[in-house]
Every structure is written in structure tokens, then in C-alpha cells.
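So the sequences go chain by chain: A and E. Quick note: to get my numbering, add 3 to the position in the first sequence (first position is 1). Quick note: to get my numbering, add 256 to the position in the second sequence (first position is 1).
Just so you know, not all the hints are guaranteed correct.
Stated by the list, open to error - Restricting the straight-line Cα-Cα distance to at most 27 Å, the calculated cross-link-like pairs of lysine-lysine (DSS-like) are:
1. 311(E) x 422(A)
2. 91(A) x 59(A)
3. 451(E) x 260(A)
4. 325(E) x 380(E)
5. 446(E) x 59(A)
6. 369(A) x 391(A)
7. 456(E) x 11(A)
I should point out that these hints are in silico values taken from the structure, not numbers from a laboratory.
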Amino acid sequence: MGKTMYEKIWAEHLVHESPGETSLIYVDRHLVHEVTSPQAFAGLRHTKRPVRAPHKTFATMDHNVSTRTKDFSKTEQMSRVQMETLSKNCEEFGITLYDFQHHDQGIVHVIGPELGLTQPGMVIVCGDSHTSTHGAFGALAFGIGTSEVEHVLATQTLQQQKAKTMLIKVDGQLGFGVTAKDIILYIIGKIGTAGATGYVIEYGGSAIRALSMEGRMTICNMSIEAGGRAGMIAPDERTFEYLKGRDFAPKGTDWDKAVAYWSTLVSDPDARFDVTVEIRAEDIEPQVTWGTSPGQVTSVGGKVPDPESFRNPVDRTAARDALRYMDLKPNTPMASITIDKVFIGSCTNARMEDLRVAAQLVKGKKVHPKVHGIVVPGSGRVREQAMKEGLDKIFTEAGFEWRFAGCSMCLGMNDDQLKKGERCASTSNRNFEGRQGPGGRTHLMSPQMAIAAAVEGRITDVRTFLKK
Amino acid sequence: MESFKTHSGIAVPLDRVNVDTDAIIPKQFLRKIERTGFGVHLFHEWRYLDYEGKKENPEFVLNQPAYRKATILLTRDNFGCGSSREHAPWALEDFGFRVIIAPSFADIFANNCVKNGILLVTLKSAEVDELFKEVLAKPGATMIADLPSQALTGPGGKKYSFPIDSFSKDCLLKGLDQIGWSLQFSNRIKEYEEKAKAGKPWLA
Numbered sequence: 004m005g006k007t008m009y010e011k012i013w014a015e016h017l018v019h020e021s022p023g024e025t026s027l028i029y030v031d032r033h034l035v036h037e038v039t040s041p042q043a044f045a046g047l048r049h050t051k052r053p054v055r056a057p058h059k060t061f062a063t064m065d066h067n068v069s070t071r072t073k074d075f076s077k078t079e080q081m082s083r084v085q086m087e088t089l090s091k092n093c094e095e096f097g098i099t100l101y102d103f104q105h106h107d108q109g110i111v112h113v114i115g116p117e118l119g120l121t122q123p124g125m126v127i128v129c130g131d132s133h134t135s136t137h138g139a140f141g142a143l144a145f146g147i148g149t150s151e152v153e154h155v156l157a158t159q160t161l162q163q164q165k166a167k168t169m170l171i172k173v174d175g176q177l178g179f180g181v182t183a184k185d186i187i188l189y190i191i192g193k194i195g196t197a198g199a200t201g202y203v204i205e206y207g208g209s210a211i212r213a214l215s216m217e218g219r220m221t222i223c224n225m226s227i228e229a230g231g232r233a234g235m236i237a238p239d240e241r242t243f244e245y246l247k248g249r250d251f252a253p254k255g256t257d258w259d260k261a262v263a264y265w266s267t268l269v270s271d272p273d274a275r276f277d278v279t280v281e282i283r284a285e286d287i288e289p290q291v292t293w294g295t296s297p298g299q300v301t302s303v304g305g306k307v308p309d310p311e312s313f314r315n316p317v318d319r320t321a322a323r324d325a326l327r328y329m330d331l332k333p334n335t336p337m338a339s340i341t342i343d344k345v346f347i348g349s350c351t352n353a354r355m356e357d358l359r360v361a362a363q364l365v366k367g368k369k370v371h372p373k374v375h376g377i378v379v380p381g382s383g384r385v386r387e388q389a390m391k392e393g394l395d396k397i398f399t400e401a402g403f404e405w406r407f408a409g410c411s412m413c414l415g416m417n418d419d420q421l422k423k424g425e426r427c428a429s430t431s432n433r434n435f436e437g438r439q440g441p442g443g444r445t446h447l448m449s450p451q452m453a454i455a456a457a458v459e460g461r462i463t464d465v466r467t468f469l470k471k
Numbered sequence: 257m258e259s260f261k262t263h264s265g266i267a268v269p270l271d272r273v274n275v276d277t278d279a280i281i282p283k284q285f286l287r288k289i290e291r292t293g294f295g296v297h298l299f300h301e302w303r304y305l306d307y308e309g310k311k312e313n314p315e316f317v318l319n320q321p322a323y324r325k326a327t328i329l330l331t332r333d334n335f336g337c338g339s340s341r342e343h344a345p346w347a348l349e350d351f352g353f354r355v356i357i358a359p360s361f362a363d364i365f366a367n368n369c370v371k372n373g374i375l376l377v378t379l380k381s382a383e384v385d386e387l388f389k390e391v392l393a394k395p396g397a398t399m400i401a402d403l404p405s406q407a408l409t410g411p412g413g414k415k416y417s418f419p420i421d422s423f424s425k426d427c428l429l430k431g432l433d434q435i436g437w438s439l440q441f442s443n444r445i446k447e448y449e450e451k452a453k454a455g456k457p458w459l460a
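Just chain A, with the same shape it has in the complex (with noise of 0.2 Å):
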């Protein structure tokens, strides 16, 4: 019987495998952040362990910085000291650090990508449970914790449980307006923010083989929201054009070599999965939230949910809940819920792709009155790309604010929050109460949606916006 691309990667980075015991696997790449990593030095240190391989894992700061300045000084005092704390252990344990300061810093998820630390056939891990996103490129990522985050660190190998299987198909034509976050968000509302848990996801069909990288990496980013350990897709020509003379990609022999070996990645054509899930992409209509569990989501034209309308008693009370939440009442139609802010940022939605498409959409209008936008770039290279591009005039003109590269409001652990009872259009990747500032009400769509949002100054379909 033929195998998964998950259970090849799995296979090529076993080093121990015994029944009745963890297995032990190989991490090809390890990268780490200012915010999941202190105590995980801390620990090495006081159990007097080296680093195994510190060429292998690489550091950024992304979660705290600031996105309003350069200036270090003026950073929050808690936030400083976790990443001057950074770079001492950086400095000790010898590895690579993209620090605040430097021009490459960014998302570690934007910046893994962008510098071809992210290749097919790997295991790449970090501190944070968003590194399914690297899965788009072939690659088997997911999120570890802060002591997994040491394990690594001391010994270059993860223990880790064989898991299932799961293919989602989607094929088809995407409508118009619809993109990869459209498709993403419509897979959780259908299987649920823990439908996959406890698999690895493997998307495929047209729809996705038709996306860009970009597109990818959004789809696989959240496959953490649908409970999933990791997401990944095939890697293909596209992979494969992306990667070729990033800063760390193979280079002369080995990129033919490399390229050869990650061609034989993709699931055989017999291979079994354990759970199957079909999707017409024609079904798909732009996607927004209305709750706060990114489960809690439906189609821009439909209405909030009644809580009474749920079979299942838990589902009710959670509903009821999350309306009391988000103040919404039920059977409001979404595409007339008002906002206050905008967010277009974070590892799900900070990419050249998402800002041209965002730009290109508000270029010549006015974000509206009421409304408060930030544009904060995934890393400091598309920060650098879309000013060379003049996309930065294009939302500053419009009313926007233009920032340094953040994690930002996605999760608002900087000064980039919402306040109580404000919301907020956001293309990031998680509605949580409080996410994105205590009291702060969070719906979740694409970036083409977030622009008519701010534009109309409610939540509006992005396909009348773009007939207008």
C-alpha cells in the first residue's frame, strides 16, 4: 500500500522507534521567538546541557515588539527584557538571531519562508502553535511548548506520537472575491475547531493546487484553529520556483539533488487516509465570524446564528455566550455589523500577495471616518517590497497607519490593542475573547474583506464592493 507524504516524512526522521515508548524523531529546523523560549534556555543552563546543533535552529522577535518605532528604548519595559534576554542566550548557545533591529526581522512565519529556511521533506518546529503555516511548502511543522522547546534545543529531536491521517479535498473553480482564507475559514466552520485533532491535515485538489504559496501558507497557517497537529501541501513546481535562490535554500548540485528527493514527497496515488473530507470550492462564499471561536463563522450574506437554533445543548450555550460576547443580537444580517478597526497584519494575511491584493482594492478611496486601520507588513523584507512598490502611499493616502513588521494586534501582546467593546475587522487567525485586547470584539475575514470593511465602515461584502 502506498504512504502519505506525512508518513514518508515521518519514516525519513524516526531515530527511535520502540512499542510501549514515545518515539523519537529529528528536527531539521528549529526557530524561536522572544516570548516561548526564555525559560527553555533557562533550563539548559541550569541542567549545564549544550545546544546540540545551533546552526539548525534560527531566533526573531515578533510577538512584543513594537510596530510604531525603531527605538528600542521605547519599547515596554517586560517586553524589553524578554528580548535583551534573547539575544544574551542567543549569543551564548551561537545562533542566529534576526533581532528588532535588523532589516530580515519579521513574523517568524513570514521570515522561515522568505529566507528558504522552509523546505519541503523537513521537520520544522517553534514555540508557537502557528508553525503549521511552513506545512504549504511539503514540510511537517507544527507548535511545541517551552519545554518541548528545550528538548529540542538538548537534544535536536522531538518525542512524538505517530498521529492520523486527514485529507481535505477541495476542487473546483473559487468564485469570485473568494480566497485562500475564504476556503480555510470555511473548512473549520465545517468540521469544527477540533475536527482534526489529533491528525495531520494533507490538502489537495484543484482549488488548493491552484493557489500561490502565499495562498498556501494562509490554508495551512490555520490548521492549528482546526484542531490539527500540522497542515501540508504537496510540494509542486510552485514550491519549488518560490524557494530557488532564497538566502537559505540548497545551492548548485544540491538544489537538483534536493528538488529530485522532494518530488518523491507526495502522497501515493494508493496511499490511505483515515478521514477523507470532500469540499466543492464552488460552495465557498467569502467568510466572516461571528462569534469567538473561529468554529463560529458563515458566509458573508447569512445573519448571526439564534443560539436556540443549536441541537446540541453545548453548542447553544456556547453561542449564547459568544453573542453575549460580541453584543450581537440574533438574525442581524453580518453584512451590517459596524466596525471600529481594521487590522491587516499577522502570519496568516502579512505577505506581498495579501498587501498588493489589499492595496490594490483601497487605491483612490477613503478608509471610512469612524474607522481606525493598521497595516503592519509580516517582515521586514515585504515592508521593504511594498514601499519600493509605493503600496505604503496607497494605504497612508487612504488612512491608514503604515508599520513595522509584528505579530502586532493578532494577538496584542505590544501596544497595538483593542480596547474594550471596540470591533474589529482582522485578517488575522484567532476571534478568542480578549485576543486582540481585553473587551475587544474580533471578527475574522480575508484581507479583500477587510479593506471593504473599512472602507464602508461595516462588515460588507467584498463582491458588491468590487462591482461598485
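Based on the hints, put chain E in the right spot on chain A.
Chain E in isolation, oriented as in the chain A frame:
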């Protein structure tokens, strides 16, 4: 890590699905570089009425007299979803929780709990419903979680068996240094690296 064999304690009902790690420990408390002291911020948004955490919310279950000393958390599906922050189990453990009972747990959170000596008891939804009813009928009731026999005893004495993989069980029972365990395979890691270097030189 502290070892885990048997634990008896007060069970507190947290009747919510999809409790995410942002709710368990909000972002403003992640700026520390130590592993300790997170318990006071556990469930901050629900537990306190003010941002500073000085005014308790009397309606939140952990603030009710019967549950203040709870060490067993009874909750619903997909507990611990979202961010991978290990600060979540650190906060739960620091508050005093040793056992969490739910129909399902998020993947990364479950891994993080094993590393911190917290036992996750996965029961069927109907069984969790039963336990909710019992605990709500008798606030402050205790339960016993016994790891060697993989059995949870409810307040009324009814026993429920729960699954756990044998490696996690062993780690918890022994309070194992997991990095130490893996380092016993150093030679195999080295062999793997040499083989990989020959076959996939671009990864070396």
C-alpha cells in the same frame, strides 16, 4: 517534575467548550522569563472585574467559597485550544490544579501538561455530563484520580476508567526527566545525522 500517582481533591466545574489558552492565561502575563508565579493570573478575564486583577468577579466559579481550594478541573470539549503557550499549564499548576477532566483536549496543550505533571482525564461526553450534575448538586465534592489503575472516582463513588498512552503514564508516575530519557539515544541521533548528511547534504 513532580511525580503523579494518586490525587484526591475538590473538583470545580467550568462549564464551557473550547476554553483556549488565551483565556487560561492572557497575553499580558506572558512577558516573564521565569516559569513560576502565573497562578494568580489564571483565567484572569473571567476571574477579575478589573484589568489589574484586584477586584474578584464573585460570579466566576473559582471565586466561590466551595471551590477556592479546588485541585481538579472539570470542563468541556477541546480544552486548551489555540496558542501553544506552556504558560497555560504553568498557571494551572501554580494555582494548584493536578487533574483536568474533559471529553477532549487540544493536542499541544496535552503535551505541555504531561511535561508539567498534570494528569488529563479524558472521559466520554455522557460521563462528563454525569460528573457535572454531581458536582453542581454537591459543591465542594471531591474526586479521586488514580493513575496506576487509570480510574477516576466521582463524588458518589462511581468509578470511571480513562485511557492514557503508556509512555505518558510512565513519565507522570516517575516524574521523569524527559530530556534525560531522550539523551540516552545520543548515539542513534549521531548516526541519524551522519546518514542524513550523506543522503541530504543540503540539510547538514
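Numbered hints the structure breaks, given as an ascending list
none
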